[in-house]
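**Q** In order, the protein sequence lines correspond to chains A and B. Each residue of the first sequence is one higher than the one before, starting from 311 at the first, in this note's numbering. Each residue of the second sequence is one higher than the one before, starting from 2 at the first, in this note's numbering.
Honestly, the hints are just simulated from the structure, not real lab data. Any given hint might turn out to be false.
Stated by the list, open to error - Which residues of chain A face chain B? A few of them, derived with a C-beta cut under 8 Å, are:
(1) E318
(2) E621
(3) F624
(4) R628
(5) P635
Every residue, glycine too, gets a C-beta built ideally from N, C-alpha and C.
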Amino acid sequence: MSAASTAELLDEAHVRAGLQRVLRQHIGAEVGIGGLKRFPVGYSWLTYGFEASWDSAAGPQRRELILRLGPPNGLFAPYLAGPQFITLQAVRGSGVPVPEVHWYGDTPEVFGAPWFICEKVSGRAPVMWGEHFSDKTRTALGEQLADSLAALHRFEWRGTPIESLGKGVTVENAARTQVDYWEHAMRGWELRRMPMAESVLGWLRRNCPVAPRISVVHGDYRIGNFLAEGDHITAILDWELVHLGDPHEDLGWMCQRTFRPGTPLICTLIRREDLYARYQSLTGIEISPSAVHFYEVLGLFKFYVIDVGAERCFEEGRHNDLRLPSMSMQGPRLLLQLEKLIAEAP
Amino acid sequence: MNNSLDRLFAGIVASLGSEIIPRLEDEFARGQAYAIVDLLTNLRPRIDWAVGPLAEQIAAQLAAARRVDELAQGLQDGPPNLPPALAALPEPAAGETLRRLRDQLDEHLCKVIDWQNQPPAGVPDAALAAIIAVTAKYMQEQVRREVSLLAKPLFGEIAGNTGTKKQPDKNQ
Numbered sequence: 311m312s313a314a315s316t317a318e319l320l321d322e323a324h325v326r327a328g329l330q331r332v333l334r335q336h337i338g339a340e341v342g343i344g345g346l347k348r349f350p351v352g353y354s355w356l357t358y359g360f361e362a363s364w365d366s367a368a369g370p371q372r373r374e375l376i377l378r379l380g381p382p383n384g385l386f387a388p389y390l391a392g393p394q395f396i397t398l399q400a401v402r403g404s405g406v407p408v409p410e411v412h413w414y415g416d417t418p419e420v421f422g423a424p425w426f427i428c429e430k431v432s433g434r435a436p437v438m439w440g441e442h443f444s445d446k447t448r449t450a451l452g453e454q455l456a457d458s459l460a461a462l463h464r465f466e467w468r469g470t471p472i473e474s475l476g477k478g479v480t481v482e483n484a485a486r487t488q489v490d491y492w493e494h495a496m497r498g499w500e501l502r503r504m505p506m507a508e509s510v511l512g513w514l515r516r517n518c519p520v521a522p523r524i525s526v527v528h529g530d531y532r533i534g535n536f537l538a539e540g541d542h543i544t545a546i547l548d549w550e551l552v553h554l555g556d557p558h559e560d561l562g563w564m565c566q567r568t569f570r571p572g573t574p575l576i577c578t579l580i581r582r583e584d585l586y587a588r589y590q591s592l593t594g595i596e597i598s599p600s601a602v603h604f605y606e607v608l609g610l611f612k613f614y615v616i617d618v619g620a621e622r623c624f625e626e627g628r629h630n631d632l633r634l635p636s637m638s639m640q641g642p643r644l645l646l647q648l649e650k651l652i653a654e655a656p
Numbered sequence: 002m003n004n005s006l007d008r009l010f011a012g013i014v015a016s017l018g019s020e021i022i023p024r025l026e027d028e029f030a031r032g033q034a035y036a037i038v039d040l041l042t043n044l045r046p047r048i049d050w051a052v053g054p055l056a057e058q059i060a061a062q063l064a065a066a067r068r069v070d071e072l073a074q075g076l077q078d079g080p081p082n083l084p085p086a087l088a089a090l091p092e093p094a095a096g097e098t099l100r101r102l103r104d105q106l107d108e109h110l111c112k113v114i115d116w117q118n119q120p121p122a123g124v125p126d127a128a129l130a131a132i133i134a135v136t137a138k139y140m141q142e143q144v145r146r147e148v149s150l151l152a153k154p155l156f157g158e159i160a161g162n163t164g165t166k167k168q169p170d171k172n173q
């Protein structure tokens, strides 16, 4: 099969046929697909939930599963499922709560797009607006958010398939590699050059920190990207930006003001000093405030670049989703915030 | 706001037609939505970008670029000079034409900032600092001018209606 259009990936019959094919191939039996349902979230990967049932020698089997598809019109297209899949597979059991992954493909063969299938984890994703946590729940979730990140950054990736994501990343060039990555994305997307964005890039290039170690970096670690049930985080989600790099990068990202509207609590859950103390005691990494600040600036710059990408995506007609131009209109506001944030360097 | 007017109008009309109207069950609301489609379609040939804010922006760009040229006089390996073709407002000043000129002037100022970011050896510190001060002032005024045109963002309302918040079982 050739590459599918997004319309095909949204077509239930197309998705169902692909699921039956891939499950038959991997399970070795005819598999029934029930309750197929698309979750209408995000601008990127498509997410379907479904129930697979089949007969085996041990009796009837039933699994609640999730299919994720990388659409050709997504913000970060073209996508790869492999990096997420091998990371989730490798870190499972390490103290990072992740769903069990089953199968994936990066060729258009089955669905016409990259895909992976994993178990469905119970829980819901708290967001940064309008949540009313009890103190007990807030504290518990904040501590687990810190603990899971510490477990991820402690994870010994050398000798695992994650090593293939490295591409020569060292403690010296980890920050520069990310600045290059996001500049490259901006160059590919920008409809016009903005002087303030160029000035911020100059600041980033002049202030790259040396990493204390190279860790698995989630790349989008924050409230909104984990599932929780009661006081427990059941899974960390959305690994599409996973890479090897400076552990300060995830800290800088989760500390963004965007993820704590109207509160000093990081991700609306935990005080910065408590996050740092807990994380340091679990990882042995001495947090550098200037490195976290650098990655907060880089993170805010990434938001700007994502807005630029949304602008391009809408302009080319890949999406009619009006959230894209609405979001990208905020570019100047982000540049203003970047100017102020840079001025707050410790 | 960098999307073209054509694309914004087309996208709004397409979203109304394919995503919103089919989900409206109230007849009056559907009628109103179709009227919006009709109005937008008829407004499009009559609408251009407002000239006032663009002219103000271009005046600031030209002032900054000319000041940089003055400060760079006599410098070896100085920043690029303002191209003569960009030095005057076009007549008549249509919004779309002004947007193109604004973008070209920003491209020029970006080249000045590229130069600042990696100044050639031998550029006197005082001259470099003076040029940096001019572009910094320009950039600060530019983003503040653009932000002053923005309405308060509706992030919470928009995110609350993507399904993210209402979807109790967002999953991996």
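**Q** Are the hints correct? Go through all of them and say.
**A** Hints, verified against the model:
no.: 1; hint: E318; result: violated (16 Å)
no.: 2; hint: E621; result: holds (5 Å)
no.: 3; hint: F624; result: holds (6 Å)
no.: 4; hint: R628; result: violated (11 Å)
no.: 5; hint: P635; result: holds (5 Å)
Consistency with the previously given hints fails for numbers 1, 4, ordered from lowest to highest.
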